[in-house]
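Based on these hints, arrange chain B with the ligands on the given structure of chain A.
Those protein sequences? They're chains A and B, same order as listed. According to numbering that gives the first Met the number 0, the first sequence is numbered sequentially starting from 0. According to numbering that gives the first Met the number 0, the second sequence is numbered sequentially starting from 0.
Treat the hints as calculated values from the structure; they're not laboratory data. Please note that the accuracy of each hint is not assured.
[Unchecked claim] Here are the simulated DSS-like pairs of lysine-lysine, each with C-alpha atoms no more than 27 Å apart in a straight line:
1) B:Lys141 x A:Lys302
2) B:Lys282 x B:Lys61
3) B:Lys61 x B:Lys280
4) A:Lys105 x B:Lys58
5) B:Lys141 x A:Lys305
6) A:Lys302 x B:Lys135
7) B:Lys167 x A:Lys305
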Amino acid sequence: MKSEDIPSIRKIIRRNKRLELFFAVAGFLALLVGVLTFVALFAQMAWSGWERITPDFFTNFPSRRAGQAGILSAWVGSLLVMLVTALSAVPLGVAAGIYLEEYAPKNLFTDIIEINVTNLAGVPSIVYGLLALGVFVYTFGFGQSILSAGLTLGLLILPVVIVATREAIRSIPLHIREAAYGLGATRWQVTRDHIVPYSLPGILTGVIIGMSRAIGETAPIITIGALTFIAFLPESPIGPEFPWVNFEWLKSGFTVMPIQMFNWTSRPEEAFQQNAAAAGFILVLMTLAMNAVSIWIRYHVRKDIKW
Amino acid sequence: MVSSVTMRMSNQGAAEAASQGGSAADQGVGDAFSGVRPDKGVAVKASVENFSFYYGDFKALKSISMPVHEKRVTALIGPSGCGKSTLLRTFNRMHDLYPGNRYEGTIRLHPDNTNLLDPAVDPIEVRMRIGMVFQKPNPFPKSIYENVAYGLRIRGERNRSVIDDRVKEALRGAALWSEVEHRLHDPATALSGGQQQRLCIARCLATEPEVLLFDEPTSALDPIATASIEELVHELRDKVTILIVTHNMQQAARVSDYTAYMYLGELMEFGETNQIFVNPKRKETEDYITGRFG
Ligand SMILES: Nc1ncnc2c1ncn2[C@@H]1O[C@H](COP(=O)(O)OP(=O)(O)OP(=O)(O)O)[C@@H](O)[C@H]1O
Ligand SMILES: [Mg+2]
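Just chain A, with the same shape it has in the complex:
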């Protein structure tokens, strides 16, 4: 290119940069829409529910009088249901993911399974509720219990856990596997000593994303018959004597945070709307806390695993 062309080059560059600026602005605005909507909703909830957030709010059962109503049964219920969800979905999802990625032969059958697992993630949650009502509540006779709810949400997030597990396993470079196999390791040794530990941060991140979704789910929980007004706590999972665990709580009736909120918003009194906002604020905080844990895991556990 000749030196006389320099002005025209500069013109081209200027035009390209204008396009770039245009995209940057458009992208930033798109981002703002998402962020501002969330911030506005969150701020509004915090604003209207703020004065209800006192220690009593956490230790009181729901009540007919809005001023005395609390979320004790709801947050305890949510925690216990999440516990069952995690304990059921994580082992199943991780094992299925590992099997699909490491063990399953690649054929039409496993292709079909793969496609279906991905599709399952898109099935509306109410459908899981209906399925669980038939299977867990009636067929297995678990009743309208924490166990049924936890397993239902476990099923709901299973595809997320499976997909996260597979993604995490796929991100392990081939040459690391070859190093292990090259030393004479069996498939199980490679899985146990390498695949699982190295994919753990990715798996945990996926689990937490799934759990943050599950904790806000209302429809399937209502479908299987969660209570909306509940003034007792399930028995403690920690027993007073050996072996210090107790499974009675699994059979207990329960409510969860979003149902408590839903219940309050459907009341006409203004004071209950305030309660709903306060509960919503707490629920969002619970979700944010879970996401914070997943971010922490990404930064602190992953930093030891690099190739």
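Here is chain B with the ligands on its own, set in the frame of chain A:
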């Protein structure tokens, strides 16, 4: 009965190859090549016989036959894509990890005469006997100590002090001990590229393999790290049979006793390194070695 016949045949083939090499070495040009140790009648550790390899329908190796001499260094050279890595990876059945690959022919490991490619032979058994060092250093994201100990652990070694000793010995053998003795429990990924490669060699050495495979072990390293790896190969060759793939002619000349020149999936020429470099039998070999190759 059958196997003893095959063994006699394969040893004959090996002896022939060795004597061919010997006659070339007699031409008295050994000085230029510090790596070469003229030596007639060396035992054969492995014999490749009519070996062909397929990636799906693609025939990557075409009826290769060559001996691998015991406690000697054999270099595989040839232009990119000629099948050096494919041949090397066959020795510890790496191709079994991926579907669609197919072996034809045999690779016999002596003295027990096991056909490495026999489907009845467990690839894990093969890999326990034959270690591999890859082109790109591939330490596990674990501690330096755990990297070296891993091969022992999967072999069922539980005794702490035995593992400690073997780790130390292997790190010494790989000329890494003095650099890492005070940081054995640091992550292996914090080591430099050259140190990582020596760690991978130590990881292999700890399991005391009968044959060591190196696939361009220095291609990612600077000249200093390269020199230290080459020196290592030099020291190791008294203890273990080594097969090394390299693109670097000087390196092949420096470290190997025997050289195989491959081209488009075929073995063009095999002989003592001296002979191959000074007096190649084929024009193609000469062109490649002297850099006239297109
Ligand atoms: N996984 C694979 N699937 C199909 N073909 C392959 C595969 N790996 C290698 N090949 C082909 O087999 C031939 C030999 O490859 P190979 O990697 O053994 O060459 P090489 O001699 O090691 O080359 P380089 O010096 O570049 O490493 C090449 O033509 C290559 O394209
Ligand atoms: Mg190669």
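Straight-line alpha-carbon gap B:Lys61 to B:Lys280, limit 27 Å:
Within the cut-off at roughly 20 Å; holds.
Original post:
Within 27 Å, alpha carbon to alpha carbon, are B:Lys167 and A:Lys305?
Top reply: Holds, at about 25 Å.
Are B:Lys141 and A:Lys302 close enough, with their CA atoms no more than 27 Å apart?
holds (12 Å)
Given the hinted pair A:Lys105 and B:Lys58, is their alpha-carbon gap at most 27 Å? With Cα atoms ~23 Å apart, A:Lys105 and B:Lys58 stay inside 27 Å; holds.
* Could you grab the alpha-carbon distance between B:Lys282 and B:Lys61 and see if it respects the 27 Å cut-off? => Cα-Cα ~20 Å, so holds.
Please work out if A:Lys302 and B:Lys135 have their alpha carbons no farther apart than 27 Å.
-> Roughly 21 Å between the alpha carbons, so the hint for A:Lys302 and B:Lys135 holds.
Check: When you check the alpha-carbon spacing of B:Lys141 and A:Lys305, does it fall within 27 Å?
Finding: The given pair, whose Cα atoms are some 10 Å apart, holds under the 27 Å limit.
No hint from the list above goes unmet by this structure.
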